[in-house]
Structures are given as C-alpha cells and as structure tokens.
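> Here are the chains, one letter per residue:
There are 2 protein chains.
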Amino acid sequence: MEEFLQACRAVLGAQHVLTDAADLSGYLTDQRGRYTGKSPAVLRPADTGQVAGLLKLCDQYRVPLVPQGGNTGLVLGSVPDQQGNAVVLSLKRMNRVRAVDPVNNTMSVEAGCILQHIQQEAAAQRRLFPLSLAAEGSCTIGGNLSTNAGGTGVLRYGNTRELCLGLEVVTAQGEIMSSLRGLRKDNTGYDLRDLFIGAEGTLGVITAAVLKLYPQPRAQVTALAALQTPAQALQLLSLAQDRCGPALTAFELMSDFCLQLVFKHFQDQRMPFGTSHPQYVLLELSDSESEEHARAIFEEVIGNALEQGIIDDAVIAASMAQSKALWQLRENISMAQAHEGKNIKHDISIPISRIAEFIELTDKLVQQAAPACRMVTFGHLGDGNLHYNVSPPPGMQDTDFIAQQAAINLVVHDSVDNFGGSISAEHGLGALKREEITRYKSPVELKLMRTIKNALDPHNLMNPGKVIQV
Amino acid sequence: MEEFLQACRAVLGAQHVLTDAADLSGYLTDQRGRYTGKSPAVLRPADTGQVAGLLKLCDQYRVPLVPQGGNTGLVLGSVPDQQGNAVVLSLKRMNRVRAVDPVNNTMSVEAGCILQHIQQEAAAQRRLFPLSLAAEGSCTIGGNLSTNAGGTGVLRYGNTRELCLGLEVVTAQGEIMSSLRGLRKDNTGYDLRDLFIGAEGTLGVITAAVLKLYPQPRAQVTALAALQTPAQALQLLSLAQDRCGPALTAFELMSDFCLQLVFKHFQDQRMPFGTSHPQYVLLELSDSESEEHARAIFEEVIGNALEQGIIDDAVIAASMAQSKALWQLRENISMAQAHEGKNIKHDISIPISRIAEFIELTDKLVQQAAPACRMVTFGHLGDGNLHYNVSPPPGMQDTDFIAQQAAINLVVHDSVDNFGGSISAEHGLGALKREEITRYKSPVELKLMRTIKNALDPHNLMNPGKVIQV
Numbered sequence: 010m011e012e013f014l015q016a017c018r019a020v021l022g023a024q025h026v027l028t029d030a031a032d033l034s035g036y037l038t039d040q041r042g043r044y045t046g047k048s049p050a051v052l053r054p055a056d057t058g059q060v061a062g063l064l065k066l067c068d069q070y071r072v073p074l075v076p077q078g079g080n081t082g083l084v085l086g087s088v089p090d091q092q093g094n095a096v097v098l099s100l101k102r103m104n105r106v107r108a109v110d111p112v113n114n115t116m117s118v119e120a121g122c123i124l125q126h127i128q129q130e131a132a133a134q135r136r137l138f139p140l141s142l143a144a145e146g147s148c149t150i151g152g153n154l155s156t157n158a159g160g161t162g163v164l165r166y167g168n169t170r171e172l173c174l175g176l177e178v179v180t181a182q183g184e185i186m187s188s189l190r191g192l193r194k195d196n197t198g199y200d201l202r203d204l205f206i207g208a209e210g211t212l213g214v215i216t217a218a219v220l221k222l223y224p225q226p227r228a229q230v231t232a233l234a235a236l237q238t239p240a241q242a243l244q245l246l247s248l249a250q251d252r253c254g255p256a257l258t259a260f261e262l263m264s265d266f267c268l269q270l271v272f273k274h275f276q277d278q279r280m281p282f283g284t285s286h287p288q289y290v291l292l293e294l295s296d297s298e299s300e301e302h303a304r305a306i307f308e309e310v311i312g313n314a315l316e317q318g319i320i321d322d323a324v325i326a327a328s329m330a331q332s333k334a335l336w337q338l339r340e341n342i343s344m345a346q347a348h349e350g351k352n353i354k355h356d357i358s359i360p361i362s363r364i365a366e367f368i369e370l371t372d373k374l375v376q377q378a379a380p381a382c383r384m385v386t387f388g389h390l391g392d393g394n395l396h397y398n399v400s401p402p403p404g405m406q407d408t409d410f411i412a413q414q415a416a417i418n419l420v421v422h423d424s425v426d427n428f429g430g431s432i433s434a435e436h437g438l439g440a441l442k443r444e445e446i447t448r449y450k451s452p453v454e455l456k457l458m459r460t461i462k463n464a465l466d467p468h469n470l471m472n473p474g475k476v477i478q479v
Numbered sequence: 010m011e012e013f014l015q016a017c018r019a020v021l022g023a024q025h026v027l028t029d030a031a032d033l034s035g036y037l038t039d040q041r042g043r044y045t046g047k048s049p050a051v052l053r054p055a056d057t058g059q060v061a062g063l064l065k066l067c068d069q070y071r072v073p074l075v076p077q078g079g080n081t082g083l084v085l086g087s088v089p090d091q092q093g094n095a096v097v098l099s100l101k102r103m104n105r106v107r108a109v110d111p112v113n114n115t116m117s118v119e120a121g122c123i124l125q126h127i128q129q130e131a132a133a134q135r136r137l138f139p140l141s142l143a144a145e146g147s148c149t150i151g152g153n154l155s156t157n158a159g160g161t162g163v164l165r166y167g168n169t170r171e172l173c174l175g176l177e178v179v180t181a182q183g184e185i186m187s188s189l190r191g192l193r194k195d196n197t198g199y200d201l202r203d204l205f206i207g208a209e210g211t212l213g214v215i216t217a218a219v220l221k222l223y224p225q226p227r228a229q230v231t232a233l234a235a236l237q238t239p240a241q242a243l244q245l246l247s248l249a250q251d252r253c254g255p256a257l258t259a260f261e262l263m264s265d266f267c268l269q270l271v272f273k274h275f276q277d278q279r280m281p282f283g284t285s286h287p288q289y290v291l292l293e294l295s296d297s298e299s300e301e302h303a304r305a306i307f308e309e310v311i312g313n314a315l316e317q318g319i320i321d322d323a324v325i326a327a328s329m330a331q332s333k334a335l336w337q338l339r340e341n342i343s344m345a346q347a348h349e350g351k352n353i354k355h356d357i358s359i360p361i362s363r364i365a366e367f368i369e370l371t372d373k374l375v376q377q378a379a380p381a382c383r384m385v386t387f388g389h390l391g392d393g394n395l396h397y398n399v400s401p402p403p404g405m406q407d408t409d410f411i412a413q414q415a416a417i418n419l420v421v422h423d424s425v426d427n428f429g430g431s432i433s434a435e436h437g438l439g440a441l442k443r444e445e446i447t448r449y450k451s452p453v454e455l456k457l458m459r460t461i462k463n464a465l466d467p468h469n470l471m472n473p474g475k476v477i478q479v
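Chains as they are written, first to last, in our numbering: chain A, 10 to 479; chain U, 10 to 479.
Rather than coming from a laboratory, the hints here were simulated on the basis of the structure. On a predicted model such as this, the values are computed, not experimentally measured, just so you know. Errors might be hidden in some of the hints.
If several chains are the same, the list does not tell them apart, and a pair holds so long as it fits within one copy or across any two.
Cross-link-like lysine-lysine pairs, in silico, BS3-like; alpha carbons within 30 Å at most [unchecked claim]:
(1) K273 / K351
(2) K373 / K351
(3) K450 / K65
(4) K65 / K456
(5) K273 / K333
(6) K456 / K101
(7) K354 / K47
(8) K373 / K450
(9) K456 / K373
(10) K354 / K450
(11) K354 / K333
Start from the sequences, fold in the hints, and give me the full structure.
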C-alpha cells in the first residue's frame, strides 16, 4: 500500500493524498450518519488525466477504489466498507464548467460540479437545467449521473439519464473514454453512456458530462389540492395531464399525517385550508406563455376536478412567496419525520395505475407486521415514485424500532414486487440494497449484470461490493 | 445444418421453417434493393418461448442468426451476408399487443407489431405513441428498438430509446430476460434495457417491450416559413423554442432544391409562396389547449421572426388538409430524389449551434470532390439531424456517380467528425457503416463495445458482422 500511495503522490502531489485520520473522517461516513467505513487514503485528483493515472495505479497494484462526489447518497454507495483496503477517490476538485452552448442547449461539466452551481450557470444563460433534488446544494453531478438521480422534475424532464448527452469516463484499466459530443441523435453502436449512468461507479469513473439544457419557462405556478384518497389523486393526475400536457412539471402526493408532522416541527408553516383533509397533491405548472395563462389553466383543471367530485378544495399560489410556502410543506416532510425518531425509508415505484391499491393493501400488511407504527407516505406520484416511510409508534425506542427494520422491509418490498414495482426508484442499490435486490431481480438479469461487471472490471476494483456481488 | 433445421422444425412446426428459395427471397434483400444476402432458412417463431428454443439451438449448433422485423432498415442490418451460414429469425408473427394501461400511460407489445398498428391502438385509448417515421406502415417496433429509430417526433419526445420503459429479450444463450415493468423510475442496477436498444440484434433478440404513451394533444398546427440561410433557420428555432417550449413538436429544414425536386416529380404538389426562397422550415405545434391557441402562438412567433428579419415569409395551415399538404412537401423529398437517379445518402447529426457553418463548408468540400453534383439537404434541424444527400450532376450515369461514393462519404464524414458530429444519427451502423465507424470512434469506445459483445455473445452468433467486427 505504501508503494502505491507513493506513486499516487507522484501523480497528484502529496497534499492531495490524504492519509491522516482527521482528514479522512469526512469521507468515510454516509450522509445519514448510520455507517462509517475504513480506508487507507483519500485521493483528490484535479483533472481527468490524474484520474486516469490513479486508475492505472489501482489496476497495477490491485487496489480497490470508491468514487465519491458530494457523499449525499442514501444507500451507502459512496463510502468504503469495513475491509479497509479501498481508497476513496474524491472528484470534488474537478468542478469546472467546461463550456456552455446556449444555441445547442448543452453544457459540459466536470463530475465534481455541485448541482446547484450547474443550475445557476444555466440560468445565467437564460436556460434551465431541470434536475432538482433536496441535496442540490452539496451533491455533485458525477454522483447524480452515477446514481441516475430523480428528484422533482422527472415528470416533465426525466431522470438524470435523460438529461445527459455524453460522458467522459475513466475505465478500470485507466483509459479515458471521451464521448462528449453534444448530440441529440447518435446511433453509432452500443449505448455505453447509459451503461455507466446508474452503475454507481462499479464499471468506471465518470469524470465529465454533456448535459441537456432547456428554455426557461416564463412562469411557474403552484397549486395545492385537498382530497380524500390516493385513487382520487390519480384521477386528478389524468385530468391535469390531459389538460396541461408537458406543462405539468410536478405532481406530489402528501398524506395528512405528513403535513401534521411538518406543522408540529416547523412552527412557521401554515395549513392553507380551514380543515384538514386525508390527502393533498402539490401541482406545479411551467408555462412558456405567462403567469395569467398558467393560472387560467389551473383554474380550469381545479374547477373540473371540484365539479367531478375528485377534490374537496384547492388553492392556487398567488405569488412566488406563496408558491415557495407550498413547496416547503413538501420539502420539510423528511426533516419533520427525522424529528419523530429514527424511521425506515422505502424509495419505491409502482405502475401508476396500481398505486392506490398498493397503498391500501400494504398499509394493512405493515400494521400487521408492526402494530401502531405510523405511515409517512408522500412522493412523486406523477412518476409512480413513493417515499413510503414508516415511523415508530409514539414512545417506542429507536433501537426497538430499528430491530424491526428487516421484517418491515420484507413486507413492503415483497408487496412492491407483487405489484410489479421497484424497491429502489431513485436512490440506487449501493451496499444497502445489494443483497435485497437478489430476491426480486430475475437470475437472468443478475447474470447479465455480473457478466458485464466481470468483463469491464475483471479484478473487481471499481467500488467493489456495491450494486452487485461478483 | 440439416440436423439443426430438423430441431428447429420440432420447435416451430415445419411450416415455419422456410427453406425454399422462393419463400426466402423476400427476406434476403434490403429495402433499397442494393444488397442480397444468402441464408439456408428463415425461422418464424410465434412466441418468446419459441425464440428461446431457437436461440438455444443456435448456441448448441453454433449457427449464427440475423433477427429481422419489417426489413426496412437502411444500413444492411437486417439481412444476412454472403457467407450463407446465418439463418434469418423473422419476428413478424409475434405481433400481439399484450396490454394497454391508459392510466399508467403504457402499452406492452411484441417485437413484430407494426409501428402504425401501435399508433392506432394508442389512439383508440385516446393516447399518443409519438414515434413516427416514413416506414411506419411496415416497420416493426422490434426493429425500431434495435436501431433506436428517430423520426419526426424526436424534438419533443426523444428517440425510440426514450419511449421504452422495459424490454423482454432472449439472450445469446437462449435465456429469457423479462423486464417488462412499466415504471418511470427504477434504479436497481445496470441499464440492460438501453444496452439492447440500439444494439441492432448483436447482443440478443428483443421480443417484447413496454412503451410510453402520452396524452393526445388537442390540436396540431403546421406552418411553413421561407428564409435565406440555415443560420436564420437556427435563429427561428431559438425563437420558437423559447416561445413554444415543448409544444414545438417538429422543426424540419428543406432547401429550395429539395422542393424543386418535389414539384418536378409530384405534379399535384404546390408551392405555397409566390416566389421561391433559398430555404424553408416546416414547424409543427402540438397544443393541449385548442387550435385557436396554437394558431395565436404561431402568429406571434412568425410576427416576431418577420419583424426581426429572420424570415421572409410564412404560411400557417388553415386546415388539416393544408397541414397534410405541407407535410407532404417534406415527406416526398426522398422519393423525388430517387427519381433523379441513384443518390448518396448521409444521415448525420451535428451540434445544433454549428450546423450552418457545417453546411457552408461541407458544400464546398463536396463540390471540390465531385464537381456539379447536387446537394439535397433537408432534415430534422431541431434535433441537429440532417439528411445531407448528394444527387449526381444532371445527365451523369448512375454507375459513374456511385463509383464516387466512397470518396464523397469520406469528405462528408470527415467534415462531420471535425464538427463533433455523428455519421449515423438515426439509421444505425448495420453492415454498411461498420468499418467506416472505426475511423471516427475512439479506440477506447471500440474496445468497450467489443468487450461487451464478447461477454454477452462469446460465439459471435447474434447478427454477426453488424455494428462491430469481433
């Protein structure tokens, strides 16, 4: 290892090979603070050539590595394991925006760029980079790409995969694949780009990307609808999509219990309705015409929904401040839930047509497995993606509740599978769900994944133990 | 071979193993009639189980196979070569729509479904399946997926890749990968779907897919703008996208020479302007509000473009019939060009911001290489995709002109590469461009492609000689 690190110092300069325990600590623990791994060193390259140099050394010395961006992942994909033989490769110094081409609607960025910075650079050119998620102030685009991150803009703009036109990747052999052409159409062979996107660093290291930009909408208007059931929320979704088409850019479900938690823990948050209702939907409309036009469409949709008895009540935000306040209800749910003690998260997706049935049945199954626990159900209903989280019964100790985690996961994920869903809609597999997925993914798919992993990374050095066990 | 064919008959029934020369002929020649391959048999399975049975036999007897759908490809990807040892696997009997789920906005179809049939099934449920291309009356969705077909809806809806949520594939070992969950979000491992999409049958055989559906727009309005240069067309594109956002669903460039050819060979086609102009753009707007609304937006865009001197003139179609007539100008170009003798086609893409410069420079280079030849330049400008075709000088013999094909291709494709473009935007590589691509794709990419091919198809039985030589 010392010889390897010496060679790394020759590539990076000694100051960018961190080995002191104090320097390492920030890189070894996951965001939720649940797991701390071990590592001999953190390597901090400044450019793609240095990454290639390091990966050649890893290959030569057979040293495994864990690529890391903002380390905001939720499935232990970006921290090393307990073996202590894998180095951490931090991409955060590679944070240049290489180019913006507003006419081609593209931007070339390095992997370590913070998502929010990319959004701002796009806005400066009167363009929109639509990827948006809670961690945007600290997550990096390399991590977003490696996990194919979702977020709140998927309904209209797709996952990160759909927002990328080209990649630069360093392979497990330390070779640079530079495929940074900003083309909408290019049918010249296998889709290597999409193979590296979502592979969580297990097939190679993404060092740069060409991203898609969009025209900025002229107006964004938000509304909150109150209704009785998830089934009604789905009726509202059909109604809104039919009327708004691609202008409907968000459709988020929140149960009343979610909002009650928010009001309990965030004293400045106010319920916009006189009484509470069992379910709420946050809708966002992005209009290329005007705010008045957007508002008129929302009024029509809401009028129709009230008339058809789909919703009980609704408010349309009258200002940016009101829009923001409605979004904060949605965004504060996770934090409010954290205040209620440790909770068990499920990041799942279900075919949209079956979600209402899924919630009804699975709520019962969870209550049977863990009586009196509290369902915190919310999420990107328009994408079929729920954060189907479970909080402990009032007064239960964290440790007692977490002891039930495996049993609750099994109930929820078996139900997801029965409904043809996915046990990881937007967070990835990492180390956390690597074993669990083998229960739900077919042997043929697992074999194909393993075949690809073995072919591209024969010594199993790229983020070993994540996504798939070889 | 006879023992193999006997085993195939046991799987399919004798009547679906075609071996008579007369029965085979329709399967061996490509659509443009330029190439006829050799094959001992055409196999016509009726379901996925039979495909798996056949691929197991191919693996066992080491018999190569060429998957074929509607055989409408333009790059010799779906016909066998001259060696005569590969069987043709026709998917055309597998043409069932397995399910439509209008609430989930998905449709499950078998590979042999004709594209137009899928469009019609979607429309019957008041949904849109937006893939649309010239061959839609005879091409199959399996072929569309295997080539990641483009077409006229890419600007808004993306390539075929973006329209697919899940696949059923039979691997080279004859195993069935069934991954037909109709989910918008599913981050549980490597993106196998996108690896098979666009692989032109060289990694496995696509037997079924889950497709994305969209709400039907309430109105579609078409306009034709007349202008001076491709640079102005790009200015118009920015203006229209800024104002229309995702409602702009087509943006097609046509040079005056293209339309002159149409008027020459289609007597019923009329020029909608009093005089001719150097360039034309066909725009289509899909509106979820009303025809009046769409028309008002177009009037605003066109008014602004006239005021800014970007365009010289424009017409907005006043009826469906007029819309259709404008589209026919665009759609008849290929046929009109065919009447002018053999031509040399280039299906290229360029970063949109560089297209005007590309056309200007490359036109000159082509004239140097082949004096007096005529440029037939048109295509999906909004996607950066041009059909940059070359017709012979008036009076030149076909054979004399085709003798210059390699030289002209080299000039055009080298220029494409210099501009950071692609030499196959939407048609794929097949056998036609397999060698040529090695000049432009990096050795690292070619090596990765070969590694994947070898890993998934170690005996090189899946459409051998297409896409990549192993």
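> So, for every hint listed, does it hold in this structure?
Structure-based check of each hint:
| no. | hint | result |
| --- | --- | --- |
| 1 | K273 / K351 | within (17 Å within a copy, 75 Å between copies) |
| 2 | K373 / K351 | within (21 Å within a copy, 69 Å between copies) |
| 3 | K450 / K65 | between (33 Å within a copy, 22 Å between copies) |
| 4 | K65 / K456 | both (27 Å within a copy, 17 Å between copies) |
| 5 | K273 / K333 | within (19 Å within a copy, 59 Å between copies) |
| 6 | K456 / K101 | between (34 Å within a copy, 29 Å between copies) |
| 7 | K354 / K47 | within (25 Å within a copy, 58 Å between copies) |
| 8 | K373 / K450 | within (25 Å within a copy, 55 Å between copies) |
| 9 | K456 / K373 | neither (35 Å within a copy, 52 Å between copies) |
| 10 | K354 / K450 | within (20 Å within a copy, 44 Å between copies) |
| 11 | K354 / K333 | within (25 Å within a copy, 52 Å between copies) |
Comparing the model with each earlier hint shows a violation of hint 9 alone; every other hint is respected.
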